[in-house]
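All chains, full assembly: derive it from the sequences and hints.
In order, the protein sequence lines correspond to chains A and B. Quick note, the first sequence lines up with residues 1 to 247 if you use the working numbering. Quick note, the second sequence lines up with residues 1 to 398 if you use the working numbering.
Covered by chain A, per the in silico footprint, the following chain B stretches (three or more residues, Cβ under 8 angstroms):
hint, stretch
1, 179–189
2, 207–217
Just a sample of chain A residues kept apart from chain B, beta carbon distances all over 10 angstroms, derived:
hint, residue
3, Ala35
4, Ala37
5, Gln56
6, Ala231
Honestly, the hints are just simulated from the structure, not real lab data. Here a beta-carbon is modelled for each residue, glycine too, at the ideal position from N, C-alpha and C.
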Amino acid sequence: MKSSRLHLNLLRDSEKLSSSPVRLRVMLPVMSLLACAGCLVWWAMLATQLLLVKTQVSSLQDDIAGKEKDHANILAQMTEAREKQAQLDQLEMYSAARNLYGGMFARLAEVMPIRVQLTKIDIPDQPPQNLLPPGGKGKPAWGPTGTVERMSMRLMGRTTKETPVLSLMESLEAPEFTNVLVVVKDPRAPDVSPKVHSFRQDGTTAEEGSRLLLFDIEYRCRPRVFEKAPAQPAGNAADKAKGDKKK
Amino acid sequence: MQIQLTKTKTIEVKLPFGGGGGGGGKSRRRGPSDVVGVEFGSGDPRGCPAVRLTRKKGRLHVYAAGFVKPPEGEIPQSWEELSKQATWSLPVDFQAPGAALAVSTPDMFLRQTTPDALTADSVSAPKAALEQPGRKKIGLKSLKSEPAPAAGPAGKTPAPPAGVATSNNGTRFVVQPLADESFIVESGMPEYQVLWLSRLLPEGKRPTAVSVQAYNAALLSSVLNQPEFVEADGNALVLFMTRESVFFAGYQEGRLLLLRECPGAQGHVFMRETVKKRLGLDEEMVDSVLNESLIDPTPVLEPFARPILQQLEISMDYLSRRHALKVDKVFLLGLPSGAQYWSKMSEDALKVPLITPSTFAGMELPAKGSRVPEMDAAQSQVFLGAIGAAVAAMEVGE
Chain A
1 MKSSRLHLNL
11 LRDSEKLSSS
21 PVRLRVMLPV
31 MSLLACAGCL
41 VWWAMLATQL
51 LLVKTQVSSL
61 QDDIAGKEKD
71 HANILAQMTE
81 AREKQAQLDQ
91 LEMYSAARNL
101 YGGMFARLAE
111 VMPIRVQLTK
121 IDIPDQPPQN
131 LLPPGGKGKP
141 AWGPTGTVER
151 MSMRLMGRTT
161 KETPVLSLME
171 SLEAPEFTNV
181 LVVVKDPRAP
191 DVSPKVHSFR
201 QDGTTAEEGS
211 RLLLFDIEYR
221 CRPRVFEKAP
231 AQPAGNAADK
241 AKGDKKK
Chain B
1 MQIQLTKTKT
11 IEVKLPFGGG
21 GGGGGKSRRR
31 GPSDVVGVEF
41 GSGDPRGCPA
51 VRLTRKKGRL
61 HVYAAGFVKP
71 PEGEIPQSWE
81 ELSKQATWSL
91 PVDFQAPGAA
101 LAVSTPDMFL
111 RQTTPDALTA
121 DSVSAPKAAL
131 EQPGRKKIGL
141 KSLKSEPAPA
151 AGPAGKTPAP
161 PAGVATSNNG
171 TRFVVQPLAD
181 ESFIVESGMP
191 EYQVLWLSRL
201 LPEGKRPTAV
211 SVQAYNAALL
221 SSVLNQPEFV
231 EADGNALVLF
241 MTRESVFFAG
251 YQEGRLLLLR
261 ECPGAQGHVF
271 MRETVKKRLG
281 LDEEMVDSVL
291 NESLIDPTPV
301 LEPFARPILQ
311 QLEISMDYLS
321 RRHALKVDKV
331 FLLGLPSGAQ
341 YWSKMSEDAL
351 KVPLITPSTF
361 AGMELPAKGS
371 RVPEMDAAQS
381 QVFLGAIGAA
391 VAAMEVGE
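See the structure below:
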């Protein structure tokens, strides 16, 4: 069936009105303007944000530049503090390594037999350590490699007979001396103390014409330990403080 | 495509792929898919018949049908009354984007004529008739009509392009060629009435007028979607019975081939009054008598129907001889009651029954029944003009 063509419309196109309340001829320019305004606002916000970020960056850069000097100063102070702390630690180690001999000498006078004359009491220095690495090749170490120093005390003197010396050696085995001196009498032990280096007759004669005997005895002492003193527990420290007060 | 340069100069641009051209070669596109057809000036006490049609997947759907309250103002009868512009607001169910108005006024016309006769009419029109009083600017729109068609080289006025509303002698008219191209169909009404109707439905609110058609012209499209019409490949003769006139329309392959008004025949209002008087019935009984078989009103109807059936026979004979169109189906549309008696009389006289289908036949009705009142085929005839206007507006967008 062909198209009928029966629309006998008496209206012209120009007389047809739009039923839409939104008219394109009005809304298009309005929407365009709104879109432009929106874009402008958006760009303005972007530009503002960019400006803010740039300002923040420059202020941060200035701040960092200002703090670099302080930072270097702090680093130097930290280095100095570390050095001081190392010195303090060293001093503390030395303090901990201190062996007191005064009390022992004072007691020594009390137990000294009549017929014994001490000619020399010597606590010798440690021989210099070998700082070279094993095999002797390479650079030597900067400082001592060990933290323990062996200490010894040599008693040299004169006597008229053997008995007073033996009496002295027995006296030195008392607890007042063994906190300083080490006594190991077992002959199978590798390091026996005291060690009698010599016990011989002196060539000179005494005033009464009697012959004198020279002796040289070495006692091993408690070693010097270069370590920090272990921190005492808080409870123990408090108890100790209470005990001191009671006393 | 025509571009108007000035008031008097117009150029025509022909675009490839059929994008240009004017007149009969004008490109056609599908019209709107949601239109409310309203019969304006029906005289029905219930209101103006209105039908809202939508097109979905090539099928027409009836969204709503009913009667709407007419506008407050009266259609102008002169240019002076044009300033009394009324506005009209339709109920929600009928607020389609576009409205097609089928206007029934005494001044409208629909006729078959020839291009030569149309040209002669426009040449003989006195120029003074163009200068109508009151043709001045009212509101936002200029009321100036188009100038009269310029005379051609031979002194003849060229025929107006088909399907384009044209003004002449204070009358707005539009023509369309028939299937037989030597004839045209012309429809029109006074220009001031068209202008008034164009602004009856205000801008920016649904609906607005997309089509203003004479009522009789709108009827021509009302049959196009009838299933039996489609089944007959658009070859049919339709007897349109309006309130005050009767006319035939012959279709060949869906195109109008013949348009003839029955001379001396009056519409169904006169017929109804005659039955009422002759049988001594009151107003309520007339429809009962015409729709039921208790009383046979054939003797009363026969004097009324005889000349019309004679004209029907002449028309069928004309179509058969002149166009070799053998019409098998004859429709009787627009008659609200008594169609079965007309069919019987036609069958007795011409051996051709008259088909009176529901005007909504061939369309999908809404599932929600409240939007369309329940009615039988005879009662649905009152919506014929509204449906025809909407179908015509949806058929072709201009």
